[in-house]
Every structure is written in structure tokens, then in C-alpha cells.
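Asks: Use the sequences and the hints to build the structure in full.
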Amino acid sequence: MKRRSILKSVAAAASASAFISVSSLAAWAANDTLKIGFVGVTSGPAAAWGTSNVRSMQTRAAWLNETGGVTIGDKTYDVEIVTFDDQKDPKRAIAGMEKMAQEGIHYVVGPNVDDGAAAVRPVAEQNGIIYFPYAFPKELYAPPAGNAVLGMIANYQSGPAIYKYLKENKGVNKVAFVAANESDPLSQRDGGITAAKALGLEVVSDNVTYQVDTTDFTPVLTPVIQSMPDLLVLSGVAPANAPQLIRSARELGYQGLISTETAQDATVLQEGAGELANGFISVGGASTPEIASDTMKEFVDRYTKMFGEYNDESNTKVYALEYIVETLKANPAAIDNVDEFKKTMDTFSAANPYMKGDSHLKYVGTTSFGQKRQVFVPMVVNEFKDGKFETLFIAEVD
Amino acid sequence: MKRNQIIGLALFLFTVLVAVPLFIQASGRWDFYYTLTSVALLSIASAGVWLTFYIGRINIGQGAYALAGGYFAAIMVTKAGLSFWLALPLAGLFTAAVSVLIGLPILRLRGVYFAMVTLVLTEVARLTALALPVTNGAKGITSIPLPSGIASLSNVKLGFYYVAVALMIIVFAAMYRLVNSRVGHLCRSLQQNEELASSIGVNITYLRIIAYSISSFFGGIAGAMFVAISQSIYPSSFQVADSVNFMLNCFLGGLGFVFGPMLGTLVLYFGWDLLFQTGKYQLLVYSSLLILLMLVLPNGLLSIRLSSILGGRK
Amino acid sequence: MEQILANGLYLGAQYALIALGLTLIFALMNVLNFAHGQMYVLGGFVTYTVYAQLGLPFVAGLFASAVTLAIIGALIEYFLFRPVIRRSSREESTMLLAAGIAFFLDAVILLVFGEKQRGVPKIINGVLNWDFRLIMPYDRILIGFLAILSIVSFILFMQYSKTGRAMRALAQDRVAAQLQGVNVDRYSMIGFALGAMLAGLVGGLLVTITGVNLGMGGPTSIKAFMMVMIGGAGVISGAIAGGFILGMLESIGLSVLSQYGDITYLLIFASLMVFLSIRPQGLMGKPWG
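Protein chains in written order, with the working numbering: chain W, 5 to 402; chain E, 2 to 315; chain C, 256 to 544.
Hints are computed from structural coordinates only; laboratory data are not their basis. Where hints are given, some of them may not hold.
Claimed, not checked - Some chain W residues close to chain C (C-beta under 7 Å, calculated; not the full set):
| hint | residue |
| --- | --- |
| 1 | Ala146 |
| 2 | Ala149 |
| 3 | Val208 |
| 4 | Asp217 |
| 5 | Pro243 |
| 6 | Gly276 |
| 7 | Ala334 |
Stated by the list, open to error - Here are the computed lysine-lysine pairs in the PhoX-like style, where the Cα-Cα straight-line distance is at most 20 Å:
| hint | chain 1 | residue 1 | chain 2 | residue 2 |
| --- | --- | --- | --- | --- |
| 8 | W | Lys347 | W | Lys389 |
| 9 | W | Lys201 | W | Lys178 |
| 10 | W | Lys174 | W | Lys201 |
| 11 | W | Lys389 | W | Lys366 |
| 12 | W | Lys346 | W | Lys360 |
| 13 | W | Lys142 | E | Lys281 |
| 14 | W | Lys171 | W | Lys142 |
| 15 | E | Lys281 | W | Lys309 |
| 16 | C | Lys377 | W | Lys389 |
| 17 | E | Lys80 | E | Lys140 |
| 18 | W | Lys366 | W | Lys333 |
| 19 | E | Lys281 | W | Lys39 |
Fair warning: this is a prediction, and the values are worked out from it, not measured in the lab. Idealized CB from N, CA, C, for every residue including glycine.
Replies: Following this line, the structure appears as C-alpha cells:
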């Protein structure tokens with residue numbers, strides 16, 4: 005290329021970009037951009053976890069921007085979601101967190117699993133990033149760690165509540181646990197066993213595991229069912245495995261209760277196990293018609309319009325972005341200073357738009373972590389019935 | 002060494018040790034440090050896989066040794082209170098020793114059988130890490146202190162970058178030396194015909210074990226370094242996907258070239274990061290490019306150079 | 256005991272069918288098809304779309320899966336593997352291509368079918384319960400039966416049809432077959448299409464029992480590799496034997512070792528490694544596959 009033509013093309017590119025930036029300025033009446041990050045898994049076997057995160061963030065951001073953006077202090081911002089797919093690899097998750105730091109982002113949702121959440125901790129602390137993992141290890145949230153905020157209810161919080169309820173109301177005495185042979189489910193199983201024993205329940209089977217790629221769960225479940233439990237706990241079960249496990253257990257003639265402490269999707273259960281899944285107990289967000297506010301219903305509508313199909317896991321995952329935005333509103337100085345954010349967390353309180361009645365957004369976790377490093381999400385224990393979740397009971401975490 | 006090679010080497014050292022940090026300083030892309038650190042470490046592990054290719058074995062089990070090395074270093078640092086800088090070479094020696102035990106039976110296998118057994122080995126390593134008490138099972142080992150020296154640096158990223166790059170330079174220099182030594186020539190004879198090599202008095206069992214244990218040594222130190230950076234390790238820190246990627250790095254760079262794994266890792270790992278902008282189409286674009294690359298250059302990226310040199314000689 | 260055997264047989268039948276396609280492609284072209292699991296998943300999603308979404312009969316879904324995958328397989332062989340094999344200096348290079356195709360199919364499946372687990376309505380209801388000694392749902396029995404039927408018809412096809420004989424000749428000795436006038440290119444393509452078709456077929460069959468999601472591809476490929484290894488790479492009967500052995504191993508292992516819990520799979524995998532160290536070519540493979 006000759007020098008003149010290079011100059012020409014540079015000039016053309018410059019004027020084009022100037023035009024684009026001018027026109028975009030005109031379209032978005034001078035709103036600044038507030039970037040919120042996501043680092044998690046959106047491809048491969050666990051894609052469902054991260055995808056429901058990303059999609060609820062994108063739905064909520066588009067909605068906020070459509071209604072004029074969010075006002076923090078004296079400025080109005082448009083929310084932009086920056087996503088990074090870590091492929092469920094902790095090494096990639098670190099790269100993702102570095103990327104977020106590079107983009108000047110201070111608030112990140114994710115990662116989705118224990119190893120990723122532990123791996124990004126040094127980066128987040130070095131770069132002043134608050135992140136909201138969906139992982140349960142306590143040392144992420146208890147001092148001296150301080151930058152992670154648990155984005156959901158941990159199994160060691162919901163498990164005891166569920167077992168207690170079932171013991172008192174359904175006469176459950178004998179419990180059996182089944183888990184995939186991976187870190188997250190096994191840790192959750194161990195937590196569940198401790199909780200069940202503390203309640204005086206008899207644990208009849210506690211060491212049967214399965215590979216996540218199992219195509220036939222009958223051999224896995226046969227010895228478990230033979231131990232005659234009243235309650236079968238599927239610890240940390242992935243939404244893909246839940247219907248198959250339920251189906252196999254029922255087909256083996258199991259009559260008792262089945263429960264899990266993770267969020268599930270009603271459509272997946274209905275397609276995979278049909279009426280055999282009736283009575284299956286799981287934990288969700290503000291999903292069931294009894295407690296969902298009009299805002300929640302509109303969120304589900306918008307999500308469905310944007311992505312074709314809703315995912316019930318988003319009932320919990322809608323909250324993280326809401327907490328970030330609302331906390332920033334409460335303390336505008338936190339927008340680029342996470343220490344301000346941490347200070348605000350202790351006292352923060354705002355109305356919960358997703359739930360009917362007098363519910364509040366606030367940070368909790370003092371009992372479990374010794375400091376407020378968990379978002380307050382209503383612990384809605386659901387029972388699956390004919391393709392829908394029905395509220396069994398609602399509990400709270402402190 | 003020929004003059005061209007010396008110039009090439011000087012240029013390479015200048016790039017990784019001076020030009021890259023200067024570029025990052027100037028452009029403000031601090032996140033590149035971690036990406037390039039990863040590339041350096043993953044290319045060390047891939048170099049090990051390349052070395053097993055060199056004796057005619059397709060190795061899809063390097064993830065197992067990276068995991069073992071990582072755990073060994075983590076346990077030495079947290080439980081025995083050893084300095085990380087001592088634990089790092091020990092982790093390499095540990096994995097090399099393990100690989101001798103495992104290699105003795107399985108190195109008799111060839112072709113796809115060896116490939117598949119090593120693939121299973123990665124899964125066995127993960128399950129072992131889950132089952133053993135010393136590895137803390139499913140809960141992993143977390144809150145591992147930063148290595149002394151690096152912890153006191155103002156820029157931890159830069160520290161890790163230099164350590165990783167230095168390790169990479171040493172590893173590839175050692176590989177280059179090895180391949181061009183007498184042992185290297187013997188290894189090449191194994192690649193072509195083991196029976197023939199054996200019949201002229203080459204101790205093939207011994208050679209195979211040597212190559213395999215060096216390969217595993219590389220895997221072990223790469224794994225240990227990653228543990229220092231992430232300050233944590235879980236059974237899933239290195240898994241089957243990693244083992245497969247190590248192998249793909251070698252293919253992509255080119256099996257006939259010592260520096261193939263380095264280039265392959267750079268392109269495969271960095272490529273994914275650069276496609277970050279494509280959002281949900283990231284995997285689609287990435288895999289399409291991979292397939293295209295394979296169609297254009299089935300013998301690896303470095304084969305361009307080779308064919309142009311051959312073309313020039315005509 | 257009856258239960259364990261029945262579980263093993265059912266698992267074995269489905270495993271064997273998965274391994275058949277993989278070993279066929281390997282025998283003909285020396286290609287280790289990393290994308291086999293993804294083809295299986297794609298087959299599952301096609302049946303899901305036809306049967307559950309469009310409401311057509313299940314058999315139509317199966318047929319659609321088989322045809323779609325056969326076409327995809329033929330295209331992949333013609334446009335991708337053939338040029339790469341011709342030009343690469345080492346045949347192992349096709350592994351990178353196969354992995355690229357696996358990633359590509361993963362991406363396409365994610366974009367087209369989404370990230371959720373999918374399932375179809377049961378094809379038959381009811382459970383066979385023989386005095387609690389043997390419990391087997393009817394749909395499982397039917398699928399197991401269909402799988403065995405497919406295996407038998409595949410063997411008959413390979414044994415007695417002209418195409419089958421040509422492919423066997425090709426697998427035994429490529430050069431000799433070529434000299435005998437077998438059109439290598441043509442039969443490689445047919446073989447690849449057939450292998451892909453088997454993957455699609457088993458995907459369609461199993462979607463009725465296990466459902467399907469995009470993450471099943473990679474692990475399925477690895478399992479199929481293991482079966483092929485047990486039986487011996489590139490040998491049809493070996494793949495079938497490998498499938499049934501792995502099925503039995505899992506079924507027996509899971510019940511006998513259930514009290515040891517976490518280490519069941521560790522033992523299964525470790526014993527596999529020991530077996531292969533003792534018998535490096537599998538049960539009936541050519542040495543050095």
C-alpha cells in the first residue's frame with residue numbers, strides 16, 4: 005500500500021468512528037456507562053449455570069436502560085454487562101477476572117463453581133473487585149477474605165431447614181445422600197450429612213457417588229434404595245442429572261421423599277421425569293406465584309421475550325445485579341471504591357422489588373461467616389407438582 | 002549455532018524479556034501479563050507432551066502430572082512449611098518419579114492404546130485427588146501463601162511473568178539441547194522404528210522412561226507454578242480438557258519443531274482470549290478458525306517456515 | 256444378581272452401539288474421532304425436535320437422526336478429513352481436526368438447541384417388576400432390544416453386503432484393498448457416514464431414557480474410547496465386547512463396591528489401566544493398533 009492510501013484509510017476510519025460515537029451519544033442522551041462484569045461458565049457441560057446468570061443480568065440491564073438508566077449520586081448510567089466464559093476452568097477464570105480489572109470493572113458476578121471462586125480471589129483482592137460467586141466454601145466469605153459475596157443460599161443453610169421441616173412435618177427419620185464425584189457436590193454432601201446428624205436423623209447411605217456423564221442411574225441408585233431411606237438427598241445435583249436420578253429412583257420402586265438444596269428448572273424436570281418428579285423438593289428464589297411481585301412477573305416476561313425461554317434458576321440469579329446497583333445508589337462513592345461498598349454493606353437496606361409484601365434487600369451471613377458477605381434471598385423451598393413449583397415453606401438466613 | 006539462530010534467539014529473548022513488558026507498560030493492558038504467564042506455563046507442560054511425541058507416543062495424560070505437581074507443591078508449602086522455591090523443583094522430581102512407576106508398564110503400549118491409557122490416567126488423577134485425605138479431597142487446598150520474594154513485589158503479576166518466562170526459556174533450551182544430542186537422535190530412531198532401534202542395541206525401555214519422566218517433570222513444575230498464582234488447588238484444577246489441550250498445542254505448532262508447542266499454546270490460548278469480544282459466538286468462531294487452520298496447514302503452524310525454506314532451495 | 260446382570264446388559268447394549276461407530280471410523284481411516292460424542296448428542300437433539308417438538312412419531316425422529324448424521328458424517332469426511340489426511344505428514348494430525356470439529360459441533364448445538372437438559376415423553380409407560388428381584392421399566396427393555404437389533408443388523412450388513420465386505424477389506428489392509436479394485440475414497444466416505452449414523456441412532460434411542468444436553472458429548476467420546484480399547488481398536492467384534500464388558504463392569508462394580516463409595520470409579524479406571532498394561536492390544540485387537 006502506498007503512503008497516501010494508508011493516510012486516506014486512516015482518515016476514513018477516524019471519521020467513521022467519530023460519526024459512530026457522535027450518533028451513539030445522540031441516541032443515549034449523554035448517559036455514562038456503568039460496566040458490571042460476569043465471569044463464569046457459558047459453554048460445555050455446565051453451560052446452564054452461567055447462561056442463566058448472564059441472561060438474567062442482560063435482561064435486567066436492558067430493562068433498566070430502557071427506562072432511562074440508573075441514577076447513582078448525581079449521574080445517570082446505562083448498565084453494560086461484560087461477560088467472560090471461563091469454560092469451568094479455574095485458570096481461565098483468573099484470566100477473566102484480570103480482563104474485568106482491565107476494563108475498570110469493580111463489581112463482578114460469578115464464578116459458578118468452588119475451584120474458580122477460590123482461584124480468582126487473589127486477583128480480585130489485588131485489583132479491588134467485589135465478586136459474587138455461586139460457590140459455598142466458607143473461607144471465601146469469612147475474614148480475612150472480604151471481597152466475595154455469596155450470591156445465593158448455601159446448602160449448609162438451606163439443608164438443615166429442609167431436613168428439620170421434613171422431620172417435623174413428614175416424619176422423616178432415615179436419610180440417604182447421593183452426589184456426583186466432583187468437588188462441589190461432594191462438599192455439599194458432607195455438609196448435608198453433618199446437618200442431618202445434628203438434627204438426630206439416621207444417615208443410612210452416605211458414600212454412593214456417580215460420574216456426571218452417567219447415562220443410566222439404575223446401578224448407582226440400587227444400593228441406595230436398598231438401604232430404605234425416607235428421604236433421598238441429591239446433593240448439589242446438576243439440573244441435567246436431576247430428572248434422570250428421580251426417574252431411576254422411582255422406577256426402582258422408591259416411595260419416599262427426594263430433595264436437593266440447589267435450584268432446579270421446572271421445564272427440565274417435567275420433560276425429563278414427568279409426573280415421577282411430583283413431590284421433588286428444591287430451593288428457589290422468588291418464583292412461585294404466591295410470592296412473586298409484578299416486577300418479578302415482568303422480569304420473567306422480558307427474559308422470555310429476549311431469549312425465547314425462561315430458566316427457573318434465574319429466580320435466584322436475578323438478585324446479584326440488583327444488589328450491586330442498589331448498593332451503589334445507597335453510596336455513590338462506592339462506584340470505583342470497593343471499600344466504600346464494604347462499609348455500606350453493613351447497613352444497607354432497600355425494598356425487594358421481586359417479592360410481594362414487606363421484603364427487603366440486605367446483606368446477611370453473620371452467623372455463617374462472621375461478617376455480612378451474603379445477599380439476602382428469600383429461601384423458598386419448593387415442591388414440584390405437574391410442571392410447576394409450589395411453595396412448601398419460606399425461611400430466612402441471617 | 003549458526004548466525005541466524007543466534008540472531009533469532011536474541012530477538013526472542015529481547016521480545017519476551019524487554020519488549021513485552023514495555024508494550025504492556027505503554028498500552029496499559031495489564032491483563033496481558035496473566036495471559037502470557039499462562040501461555041508460558043502451559044507451553045512448558047505442552048513441551049513435555051511434545052517430548053513424548055518425539056519417542057512416538059501420543060500423550061493425553063499431561064494434566065495428571067500437572068495436577069500431581071500442583072498438589073505436591075501445595076502440600077509441601079501448607080503442611081510442611083517448605084519455601085515454594087524449594088517445593089517447585091521437588092514437585093517436578095516427584096512427578097518424574099511417579100511417571101517412572103506408571104511409565105514402566107504403560108510405555109509398552111503404542112499408538113491409540115497409549116493415547117487412551119493416558120487419557121484415563123488424567124481421570125484417575127482427579128479421582129485420586131478427590132479420595133486421598135492428604136489432598137483434602139473435594140474441598141481442595143486454598144489460601145496458599147504467595148511465594149516469598151514475589152509477595153513483597155509491588156507488582157505481583159510482573160513477578161510471576163518473569164518467573165514463568167524464565168522457566169519457559171530454560172525448558173525449551175533444555176529441550177533443544179536434548180533433541181540435538183545423541184540421546185535425541187536415538188529417540189528419533191524410536192519414533193521411526195522401535196524394533197529396528199532395539200535390534201541395533203539401543204536400550205529402548207531406558208530411553209522411553211527417560212523421555213517420559215522429563216516430560217512429566219515439565220508437567221509437574223507447570224502445575225506447581227499455577228498453584229502459586231491461583232493460591233489454591235482443587236481436583237478439577239487440571240482435567241481431561243487440559244490434557245487434550247496440551248496435545249492440541251503440539252499439533253497446532255507442529256510436531257516436527259521444538260518450538261512448536263510454544264507457538265501452538267500462544268495461538269490456542271491467546272486466540273480464545275482475543276475472541277472475547279465475540280460474546281456467545283466465541284466458541285463457534287474459535288472452532289471454525291481451528292478447522293480452517295488445519296485445512297490450510299495440516300502439519301502445524303511452523304510448517305510454513307519449513308516449506309518456504311525448502312521452496313527457496315529448489 | 257438378576258438385577259445387576261440386567262443393568263449390565265442394558266448398559267452394555269447402548270455402550271456397544273456407541274463404540275461401534277467409533278471403531279468403524281478408526282478401522283477404515285485410522286482417525287480417532289473426538290467428535291463422536293458430539294454427533295451422538297446431535298442425534299439426540301434431532302430426535303427431540305422431531306418427536307417432542309413437532310409431535311411426529313418416535314420412529315420418524317430416529318430416522319431423522321440417522322439420516323441427518325449420515326449426511327453430516329459424509330460431508331465432514333469429504334470436505335475436512337480427506338484433504339487433511341492427504342496432505343498431512345503424520346496421520347495423528349487428524350486428532351486436532353477432530354477436536355476442532357468437536358468444539359464446532361458443541362458451539363452449534365449450544366446456539367441452536369440451547370443450554371438446557373432436554374427430554375422427550377416416555378414411549379411406553381410401566382415397569383417390569385419380577386418379585387423385586389428384577390426391576391426394569393418397559394421403555395428401557397424396548398431400547399435395549401432396539402440397540403441389540405441395530406448391532407445385529409450392522410454385523411449382518413458388514414458380513415454379507417457388498418459394501419460391508421469392501422469396508423472390511425479396507426480395514427484389513429488399505430493397500431491390498433486398493434489393488435483389488437476397491438474404491439478407497441468412496442468407501443471411506445460411506446464408512447464415515449455409517450459411523451456417524453450409528454452415533455446419531457444411539458443418540459435418538461437414548462434421548463427417551465436419559466434425555467440429552469450439550470455437555471454429554473465429550474464424556475461420551477471418552478467412554479467410547481475406553482470400550483474400543485478394551486476390545487481392541489478397529490475391530491468390530493472387539494467394540495461390541497468392550498461395550499458389554501464396560502457395562503457389566505460398571506453394573507457389578509457399583510453394587511459390589513457400593514460400601515466403598517467414592518472410590519468405585521477410581522477402581523474401575525485403575526483396573527482398566529492394569530488390564531491394558533498386561534494386554535496392550537485389548538482383547539482382540541491387532542497388536543499396535
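Asks: Each of the hints needs a verdict: does it hold here or not?
Replies: Hint check:
1. Ala146: Hint violated; W/Ala146 Cβ to chain C Cβ min 27 Å, cut 7 Å.
2. Ala149: 28 Å, violated
3. Val208: For W/Val208, the interface hint is violated, since the closest Cβ of chain C sits about 12 Å away, which is over 7 Å.
4. Asp217: Hint on W/Asp217: holds, closest Cβ of chain C at ~3 Å, below 7 Å.
5. Pro243: Since the shortest Cβ distance to chain C is 6 Å, the answer is holds.
6. Gly276: 4 Å, holds
7. Ala334: 34 Å, violated
8. W/Lys347 <-> W/Lys389: 43 Å, violated
9. W/Lys201 <-> W/Lys178: Within the cut-off at roughly 10 Å; holds.
10. W/Lys174 <-> W/Lys201: Roughly 17 Å between the alpha carbons, so the hint for W/Lys174 and W/Lys201 holds.
11. W/Lys389 <-> W/Lys366: Roughly 31 Å separates the two Cα atoms, so the pair is violated.
12. W/Lys346 <-> W/Lys360: 28 Å, violated
13. W/Lys142 <-> E/Lys281: With Cα atoms ~32 Å apart, W/Lys142 and E/Lys281 exceed 20 Å; violated.
14. W/Lys171 <-> W/Lys142: 26 Å, violated
15. E/Lys281 <-> W/Lys309: Measuring from Cα to Cα gives roughly 18 Å; hence the hint holds.
16. C/Lys377 <-> W/Lys389: Within the cut-off at roughly 18 Å; holds.
17. E/Lys80 <-> E/Lys140: 16 Å, holds
18. W/Lys366 <-> W/Lys333: 14 Å, holds
19. E/Lys281 <-> W/Lys39: 18 Å, holds
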